[in-house]
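Enquirer: Please work from the sequences and hints to get the whole structure.
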Amino acid sequence: MSDHAHEHDHDHDHGSELSEMQLRVRALETILTEKGYVDPAALDAIVETYETKIGPRNGAKIVAKAWTDPAFKKALLDDASKAIGTLGRVGDHLIAVENTPERHNMVVCTLCSCYPWEMLGLPPIWYKASPYRSRAVKDPRGVLSDFGVTLPKDTEIRVWDSTAETRFLVLPMRPPGTEGWSEEQLAAIVTRDSMIGTGLPRVTS
Amino acid sequence: MSGMTRIDPAAARRATAEVAGIPTDGDGPVFREPWEAQAFAMALALHERKVFTWPEWAATLAAEIKRAQAAGDPDTGETYYRHWLNALERLVSEKGVASAQTLTRYQEAWDHAADRTPHGAPIELRPDDFK
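The listed protein sequences correspond, in order, to chains A and B.
Be aware that the first sequence starts at 1288, since it is given in the working numbering, and climbs by one per residue.
Be aware that the second sequence starts at 69, since it is given in the working numbering, and climbs by one per residue.
In short, the hints are calculated from the structure, not lab data.
C-beta: ideal position from N, C-alpha, C; glycine also.
Heads up, a few of these hints could be off.
Claimed, not checked - The calculated label-pair distances, taken between Cβ atoms and stated as ranges, are:
#: 1; chain 1: A; residue 1: K1369; chain 2: B; residue 2: P91; range: 27 to 33 Å
#: 2; chain 1: B; residue 1: A130; chain 2: A; residue 2: K1369; range: 42 to 48 Å
#: 3; chain 1: B; residue 1: R81; chain 2: A; residue 2: T1355; range: 33 to 39 Å
#: 4; chain 1: B; residue 1: R82; chain 2: A; residue 2: R1390; range: 45 to 51 Å
Expert: Shown next as structure tokens:
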């Protein structure tokens, strides 16, 4: 969050923090809901309409850079927060996990809905919903199939559970047929879901 | 997958046509942080409930921007939704929906709720967050 105008005088080692703007927005939303002026579901629906329009959406650029720049890819997999720090701010400790023919990675937060929105924009509603959170761990292959993704039987699926301190960014495999593409062209095929691990980059030719 | 009804994108387009300066890209509003989208959504919802008209909203927002500029705001677009939220709070209070004191009381309650919530867990408001 860029907004730390709000003064805190208490210990935050164990608590959470909301910025001044977040506090004001939540306060207003609670009051308007209590008084019947707004329906939280309707507000969520409006926000959901713009979920791909929130945040800098740096993730796709990062993935495209990793596909074209081996030194950056190595740095990214070594320490994503540090590698990305040169391109823009990252709120929490970020780990990039690489998809390979042997292993597919998928990210979930079973506890709440931790999400690297600085990288990926606003989390999709399904990410925060309990069916995804609970099923992703028990039946990742089934969840992937709901998303229309079928992987070879011998590809291992690794599910990463985000914590408050650690968030994950999936580095998808570069699709065949994209040789010689520019970073911009590549970034355009990197979908949000491919960086959560519930989708694959989309090549439309 | 959520099963919720999506709002009519035409309503959002009308808003961007009626209110100057809303940051947009080729197909609609864009936001820097989630709270900005929430503030946008609340204004849209209050407008739908006819709490204010878009011209009324635009005038209030313009006054807030002018006030901020007089106080030294660089007006680079990064602060647009701060002005937006100021305008929202002002209209809510002027229309008698909630007073400034009520807003402050709820902000303090949310601050208390955040403070007692372990990092990473969803922050929820409880009656005992109000002093």
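Enquirer: Could you tell me which of the numbered hints above are not met by this structure, giving the numbers in increasing order?
Expert: none
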